[in-house]
Structures are given as C-alpha cells and as structure tokens.
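Enquirer: Chains as they are written, first to last, in our numbering: chain A, 4 to 465; chain B, 610 to 819.
Since the hints were derived computationally from the structure, they do not count as laboratory data.
Do not take every clue at face value.
[Unchecked claim] So, partial list: chain A residues that the calculated Cβ filter (under 10 Å) puts toward chain B: (1) I115; (2) A266; (3) F429; (4) G433.
[What the hints assert, rightly or not] Calculated lysine-lysine pairs in the BS3-like style (CA-CA distance at most 25 Å, straight line): (5) B:K775 with B:K797; (6) B:K775 with A:K425; (7) A:K269 with B:K685; (8) A:K269 with A:K188; (9) B:K685 with B:K738; (10) A:K169 with A:K6.
[Unchecked claim] Listed below are several chain B residues computed to face chain A (Cβ distance under 8 Å; list not exhaustive): (11) S653; (12) E768; (13) L769; (14) A770; (15) H771; (16) G778.
Glycine included, C-beta positions come from ideal geometry on N, C-alpha and C.
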Amino acid sequence: MTKIDVSDIQGFALKGYNFPHARYLLLELGEAQAARAFLLKLLDVITTGERWDVNKKPMSTVNIAFAYRGLIQLGLPLASLLSFPLEFQQGMRARSDILGDTGKNGPQNWDIVWRGSHVHAWLGVNARSPGALEDCCSDMMRLIAETRGARVLETQDACAISVGGKFSTQEHFGYTDGFGNPDFKGAERGYVPGQGKLDELGNWQPLATGEFLLGYADEAGELAAAPIPHLLGRNGTFMVYRKLHQNVAAYRSYLDEKGAQYAGGKEKLAAKFVGRWRDGTPLELSPDQPDAAIVADDDQNTNFTYGDDPAGTRCPLGAHIRRVHPRDSFGFNGGLVNRRRIMRRGLPYGEYIPEGQPVKDSDDRGIIFMVLNASIFRQFEFVQQQWIEYGNDAHQGNDKDLLLGNHEGRGKFVVQGTTDPKNPPFICGGLPNFVELRGGDYFFMPSLTALAMMATNSVDPR
Amino acid sequence: MGNVSGNTYGLTILSPIIEDNSLEICHSMELRWYLSRLPRDQGSPFAQLSSTYLARLVVMDDVVFVGLPACEEHLKSRYLVFETNFDGDLDTYLRRMATETREFVDAVWGHCAGFPGTGDVGAFVSYMKKCQVETTFFFADVNDGSVESTLEALRTQSELAHFMEKHQGTPAAELQREFGRFLERLRKTPSLPRGGDGSQDIPQERRPHD
C-alpha cells in the first residue's frame, strides 16, 4: 500500500470537504518579498489532508494554488519555472482552441477578471457556516493587509443549494451531483466500489497515486511531468478552475419541450441526458424509476458498469456520466480510461430557483467547477476535448456532451431505445449551450513543504 | 501485401533531396519553406486527388542519435518522406498526381535527386516506384469503402439523423410519405465537391447537426 504524507498535502487535493459555504479569493500577488511574507503567514493556517478526529472538524479550511504568473511574481528560479508542463505555463486562455472554449465560451466573453493576466493565485476558503466563512475571510484579509503580499482582484462566493431546509449536493438544473470521485492509493477514505479502476476480475481497486499527486508512480508506472527540484512538485497537484454559467431557463424550456414529445416522459429524458435520475439514481441500476435506496447506499450508487448495456438502451452512449467516466465501455478492463480520470471539486453559485418559478438565463448562476489531476494535458484536457466536445470514443460521431457541450444551437443528442413503448429511441436536436464558460485558469497546488520553500525563497533547482 | 489494406493503398516514398553546397539556400530549406505554406484545407493539392484519405510530406534530415547504448548512424542523404492513403491502384494514383497536380508535384519533387519531371508521366511513375518502400503493418480503418462512399455515407447519416429528429412521432403513413420525399431529395443531391464533405456549403436550415 502506498503511504502518503497527508500532513504535507493540501487537504483540498485529498478530499472534498463537503462544507456548504465557500469563497474563492482571486489574488494578484505583491512584490516578491511581501508575497513571500504573506505565504509564510499562510503556512500556519493552510488545511492539510490530515484526518479530522471526531469533534475536531474545523469550522473552515484554507487552501492556496498558483497560476504560472503567480510563480513568476514570487521570483521562483528560472530553471524551476521552465520545468513546469507547457499547458500550465500557457494557462487555460491560451488553450481555448483545443478545449473547444470558443464562440460563446471564448475568452472574449469571460468575466473581466479572467481576461487579463492578473490572477496570480487562488485562495480557497470553505466553511461550515456563513459566520465561519466571514471570520476566516477576515483573517485572510488581515494577513494580506499586514504583509501587503497580495491584492484581492475579485471574490467568488459559492454555496450548496438548500433543499427542504437542508444543504444538498444538487446543482441548478436539479441533478444530485458529486458522486464518484476516483479513489486512489494512499487516500485514506472509506472503500466505495465504483470509484477507482476495474481489475481483471471486475472488482474496483484504487488508482495509482501518481494520477492525482505529483512525485508518485501513475497508472503507467511513470512520473507525471513535474517541476524541479523534486521537492517542489512532490505532494502537489494541478488544479483547473472553470466558472460555468448555467442557462437554467434554456435547460428547463428545452426539457419541457422535448420531454412532452418523449414517450418515456420528462423526468426519464432528464435522466437520459445525464445517466442518472435527477435524484442521483444511476440509470444502469434502475432504468425505469428513481430509487432513493440506491442513492443512499454507497455500495450501489457508483457501483455499476456498462458491459451489459453496449447499445446504450438503459444509459445512452452519449449520456454525461458515461462520456466522462466510461468505466468498462472501451474494454481492456478500463485500461483506456484509467489515465483519463479527474478529481472534481466545486459548488454552485448564484440563487437557486425551484422548478416552476420564473428564471432568466441572464441571472448570474452556475457552478464553480474545479479539477485536480497530475497532468492537465493528459487528464482534464483530454476529457474536455475528446469526451465533452467530441463524441467519437462514445460512438456518437461529432455529438458533444449535452450538458457541457459548446453546441451553439446545432447540437444533437441521441437516446438509444428499445421496442418498449416507454423506452423508445429519441433524438434531441437544435441543442443550445446549457452551460457557458465565464473564465478560469490552470493552477499549481503545492505541498506544504513546497509552499515553505517558496515562502522562504529557498527553491533550488540545482 | 504490406501496402494494401482492403481497398486502400498505403504508399510510402522516400526521395533523396538534392545536395548542392554551392547554393545559398539548400534544397531541403526551400522544400520546407514551400511545404509549410501549402494549404491544409480544401485548397490542398491532395483535395484535387479525390481518392486521397490522408497525405503527409516530411523532410527528414537524418536519423536522430539518442545516446548510448544506441549506435550512431547516418542516412546517406536527406530525404523527402511522402506518405499517402488512397483508393485504388498505385499506377492510377501516380498518374493522377502527375497530370492533375502537376505544378505541385514539380515544385516539391523538383528538389529531389533523379526527378524526371511530370512531362513524361511514365517516367514519373517509374521514378516514384523506384523510391517506394514497403509500408508494412498498414491498416486502413475504412470498412472497405472509398473516400467518396465514406463521405457520402457520413452525409447520409447526418441527413438521416436530422430527418429522424424532425419526424419523431409522425403517424406511420405520413412518415412513409415524408421518408419517400427524403430519399428522393437525397438521390437528387449533387455529388460532393472534391476535397471535403461540403458541409460548409449546405444552407444553415438544412445543415446537418455537425
């Protein structure tokens, strides 16, 4: 069993905190010396991956990650700067063509803060209550003011959607989200079948540590490209930050229109879009109706494969979860999939409007979507380019992911079906963009050791 | 046979590039410059050769020494590597190159040793065959179709998906009538222009969901 030093790894990289409140501070760093002084102070408060003992769960957490420009601002040695992977050096905006972030999703339409080159760092605060969030953010603002190490360009609040007075994992379209982050060796988590990779016997095993943390062997037995010296990269990871605006009105009216035509009904069509009923029940396990017992059972809610559904008549071949995590769909026990897995984090932002109430696409709402992976190029960018914005691997030709695809009004989604009148084949055409990109970037999330090296100006690439 | 997979021919040609130290700009540089400016879209010379699936032209200076324990080796000259996959037999394709893309062929192979020009098509075909090496392990993932039939099939698939989407839930008799009209329209659709599926030319309202 791979042993990892959880006290050296930022907690955000290891686990989803499942706290309902978050604020992401987008920072422009100050002069290198002041910025380092700020980091030195931060070291004491950064949340690590250490387990929380019973009743010791903190009220809030703090994590930090740096864009390439931030590392330049901090004065890292050139030899270290140049050793970072190319895609990270370039940043997400420069990669927009290959990511399909064009047209409505193009950088010219991003929030102003992401159009410039000033976001040097992402400071993520997660909290259990609004009060704890404010307290922690005040502490951060004080540190910033004391050290003059940074300037807050913008803050982005995010908050879990409350359903029936309780915080949920639901997003604005009404789907229960956040199932099935990949399990990897060394991550101390309860075993959840369906979250790692398939072995020859069809059992689920954790993925190699090096798929998510730098400095460890990945699924190919290799080390992902990481900065020098080794200590700068080890126990760190790369983060992709994407602000995804959701056109809730467009989604609801489209679902209403097509749901009225689809013999299986509106809710089943919503389930076909994603591969899960809106309550989270996987279509593979329960194709005809949602089943709360399955959703609540960790032995079931992500524990399924597509081998018995090769034609996609239960879960469509182009359904969102089948595209982005194809499991056994491509054969070879998932061997073509295991190096394309991503760890997801995120929370909705903006006001949630329940179904049936007036809602506008122009309202500011969506999801802050973050990805953690060892190689942005091999993992996130591949998933985005090949599985979201293209359909060939899923045998869906040029069709894009229904929810996230940059359709520009011309998208198509095929629901494979049977002769059962309640499960007929159905084609959804004229897809608009249900989700639009409003900005983001690529970040490096260093270990505590690396952060200390950066804070004390002792990064030595020799 | 290593050069053929189904109906598809995989051609590999290595033509030695002329070495002439008296020139200010060597032939390989001139060739690289010319190739770098060739259009890669429907204006590509290979778009004229409608039976081409894909083609690649590479200037190879030498083999790369990767360090010990590999031994250091060198090529006898610089080569132009030409790879192309196409329908049909080699002679026909080469003849078409010499006659339909004459200017391009002369501009490229004019930098290669022993090139006889395209004036004598037979001599050009012999020259290219002399430079040919066996492709080996060649596999064409095109279901024994042809470029034309594959493009037509893709267009038909796209049009059919559009038709199906528009006519979902239509009563059987009307659907049959509409389908008849659809087939008729498809039959009358002119053949695809060379070098592309023509999707850019289809008016927006009829454009398949690509």
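Enquirer: Does each hint fit the structure? Answer for all of them.
Expert: Against the structure, the hints come out as follows:
1. I115: With a minimum Cβ separation of about 32 Å from chain B (threshold 10 Å), the hint on I115 of chain A is violated.
2. A266: holds, 8 Å
3. F429: It holds, given that the least Cβ distance between F429 of chain A and chain B is near 6 Å, below 10 Å.
4. G433: holds, 8 Å
5. B:K775 with B:K797: holds, 20 Å
6. B:K775 with A:K425: Since the Cα atoms of K775 of chain B and K425 of chain A sit roughly 20 Å apart, the hinted pair holds (cutoff 25 Å).
7. A:K269 with B:K685: violated, 69 Å
8. A:K269 with A:K188: violated, 40 Å
9. B:K685 with B:K738: holds, 19 Å
10. A:K169 with A:K6: violated, 37 Å
11. S653: violated, 20 Å
12. E768: violated, 12 Å
13. L769: violated, 10 Å
14. A770: Nearest chain A Cβ about 6 Å off; hint holds.
15. H771: This hint holds: H771 of chain B lies near chain A, its Cβ roughly 7 Å from the closest one there, short of 8 Å.
16. G778: holds, 6 Å
Of the numbered hints listed earlier, those contradicted by the structure are 1, 7, 8, 10, 11, 12, 13.
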